[in-house]
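Q: Residue numbers (our numbering), protein chains in the order written: chain A, 134 to 381; chain B, 22 to 520.
Hints may contain errors.
Unchecked claim - Taking lysine-lysine and the BS3-like style, the derived pairs with C-alpha atoms no more than 30 Å apart in a straight line are: (1) B:K96 <-> A:K139; (2) B:K209 <-> B:K75; (3) A:K146 <-> B:K347.
Stated by the list, open to error - From chain B, some residues computed to sit far from chain A (all C-beta separations above 12 Å): (4) T55; (5) Q56; (6) I193; (7) D225; (8) Q298.
Unchecked claim - Examples of chain B residues lying across from chain A (beta carbon under 8 Å, computed): (9) F139; (10) T320; (11) A324.
Hints in this document: simulated from the structure, not taken from any laboratory.
Since this is a predicted model, take the numbers as computed values, not measurements.
All C-beta atoms, glycine included, are put in the ideal place defined by N, C-alpha and C.
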Amino acid sequence: MLDTLKILYHQGKQFIPNVRTAQVPGIFRGRPLISLQTVDQAALTSLCPMRAITANPVAIDLGKCTFCGACAQQFPDKISFTTDYKIATNQRESLIITAGDDTPLQLNPQMIRPEIRSLFRSSLKLRQVSAGGDNSSEWELNAANNVQFDISRFGIEFVASPRHADGIVITGPITNNMAEALQICYDAVPHPKIIVLVGTDAISGGLFADSPAVNRSFLQNNTVDLYIPGNPAHPLTFINGLLNLIGA
Amino acid sequence: MNYITLLNNQTIGIAAIPEIPYDTFFEINTGFITQHPERHCVNYFGYKIGDAIKLICCIADDDTHQIYVSACVVKRETPLLALTSKLLCFEKFEREIHENFGINFIHHPWLKPLRYAFNRFDTSQTIANYPFYSIKSEELHEVGVGPIHAGVIEPGHFRFICNGEQILHLEIQLGYQHRGIEQLFLDKKELLQRATLAENIAGDTVAGHATAFASLWESLCHFQPSRDLDFARTVAQELERIAIHTGDLSALCADIAYQLGASVFGRLRTPIVNFMQEWGGNRLSKGLIRAGHNPFPFTPALAARLLVVFDAFVADFDEMCKQMFKLPSASSRFERTGVVSHDDVLSINAVGMAARSSGLQRDIRLSHPYGLYPELNHEPVIKRHGDVYSRVQMRKEEIKQSIEYVRKLIASVPHPQPAPSPLQQPQTDAFTITLVEAWRGEICHCAITDAQGELLIYKIKDPSFHNWMALAMAVRNNEISDFPVSNKSFNLSYAGHDL
């Protein structure tokens, strides 16, 4: 008993007091900044393994970007990554950052269905479905639930059954072999329900987008309520995105 | 000669691999392994050459540090005597070849689909109608779990046959995560795309798979990595081992409802992954390892920072471990649960941590060393009992060992090479094999190039490929309520298996 108390004493308070203002350590690659400097645009766009960079004006699609940083290493005066981890949004086009753009990403309030805020503001239960996810975003979703990030303090929790859930969180590009299970799971969630995409693979399919083993028709037939970019998405990106969606 | 002898990371002309008739191929490859526990099959795969299929089998010898590679060209229509009829360790490989090309293997115990690959031979077989083993009995019942599980984890289906609470049999059906990654290695022509694919094979083993790809590619292009490249990769792999093992200890505590252990080990993973972010900008080391250059050199300042992280980590980790290991309620759930015997892990070709927990020494860092491992004089941690407790102890001791290794390495940080020579084109008509010991176990990547130096085949084998069978064996005669803790004690990859 005393030893247990000693551990508790040594651990102290681990939780991040304010998940909205917390600073991430080191050289985290969050929201990119693109300068107005003139560069060889053809070289820049063909450098990106994900084809996330487009020209005239130079823009980066965070839904396709893996945040590998190769562009910033080769064109350091053109592209830099800030540590701004609040890059989740509910509008797919908002994920495209253009040259000279230095405004934080925001949700489009018009696109948030009113029932999301009236029903889920203080309690949101989610069912996670990994559909070809590589287990990196899944690790970070689990980390969002640890004693430091502690997402459950906001009433947000992952639940075992879709019947108990208010929505689904999808990771991975959605494989052929998971397409049916995903649909059955979504159908089992009672209305009203939300869809959240976590990670590059889920948002755009990433490098798997044109693989014949992938079937993204689920996303054509349903409306996505939140896009959370990253490879994997940082727990703070996930938490802040959800809090902004439910208006907590 | 019926085979060619290679070393880890060696490239040879594909024509140098002797093509032998199937009966000789059968004899030498089963002969290598029979009565030789120090040898095991690291890869066995096929690829199409016109109408025929070329089979390539790679047997690693842990004592001589060599790999014996042989080849055989067969016709799809000709049934072949299964290597599995003599040795169970070929079971998965032959199922894969059967699924991809339709070759019939005689006397194979069950030629069931492996992962329902999009380019499989028989597309009438779908994941919804997998032929599960079943027993007709009024006393027994079946329990189906998945593909979607209760927690935030990857999908797979577990079918239990139970007698009351006791598991008689477990069959694991995978394939839900199949993304066609091996084909994408051929379709995506840019090096950066392939490096990104390698990082996505299993997102919890980024340093392992990225090192395997980078080493293979450098060998194929005759590039000799400088010391700072080997240094960064070795440190990254050991840090990945520390981070994942610590996270697994947390999950194991959660599965036995030990909240303190779950919380403390869970939070102890954070300083390690945050250090990865300080070093390379990503908590799971994505973007860190690239063939031919080092985008994020390890600096003396990072070394000093890591020592501080380790000092704080070790104090808390030791205190928590001491408490957990003396707790009877934890030991009673871990001990004699999920036992898999030495003979079983040997027969099914289990690798890595799962093999070593059952007394079988399988560790590429010792048997086929690469990077800076030859300097570390690595001695694998070996446990004897093969139960959950052994795998918990294994993690604790490997974490401590990895910390010592990293401390030793970062005592002298190599200077980054200012401008590494650019990578040449890959050798034409070549074969390369690379072995890496990631935190879960042995990773094997093989590549074959064509006359233009383009990739003809890229074959990936994750340690989970074999070790899923170890889990199925481990839970027999256990109560079904002990399944979660057994499963977590292996922590196998679905994506790495399904590819």
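Q: A separate judgement is required for each hint: does it hold in the structure or not?
A: Hints, verified against the model:
The hinted pair formed by K96 (chain B) and K139 (chain A) fails the criterion: a straight-line CA distance of about 68 Å is larger than 30 Å. Proximity of K209 (chain B) to K75 (chain B) is assessed by CA-CA distance (about 24 Å); at most 30 Å being required, the pair is judged to hold. Straight-line distance between C-alpha atoms of K146 (chain A) and K347 (chain B) comes to about 25 Å, which keeps the hinted pair within the 30 Å bound. The Cβ of T55 (chain B) lies farther than 12 Å from every Cβ of chain A, with a closest approach of about 36 Å, so its non-interface assignment holds.
Consistency note on Q56 (chain B): stated as away from chain A, and its beta-carbon is indeed over 12 Å from all of that chain's, at 38 Å minimum. For I193 (chain B), the condition that its CB be more than 12 Å from all CB atoms of chain A holds, with the nearest at approximately 15 Å. In this structure D225 (chain B) is not separated from chain A by more than 12 Å, as the shortest Cβ-Cβ distance comes to only about 5 Å. Residue placement check: Q298 (chain B) does not keep its beta carbon more than 12 Å from all beta carbons of chain A (closest about 5 Å).
For F139 (chain B), the shortest C-beta to C-beta distance to chain A is roughly 4 Å, which falls under 8 Å, so the interface hint holds. Here the hint on T320 (chain B) is broken, as its CB sits about 12 Å from the closest CB of chain A, past 8 Å. Checking A324 (chain B) against chain A: minimum C-beta separation of about 15 Å lies over 8 Å; hint violated.
In summary, the structure is inconsistent with hints 1, 7, 8, 10 and 11 from the numbered list given earlier, while agreeing with the others.
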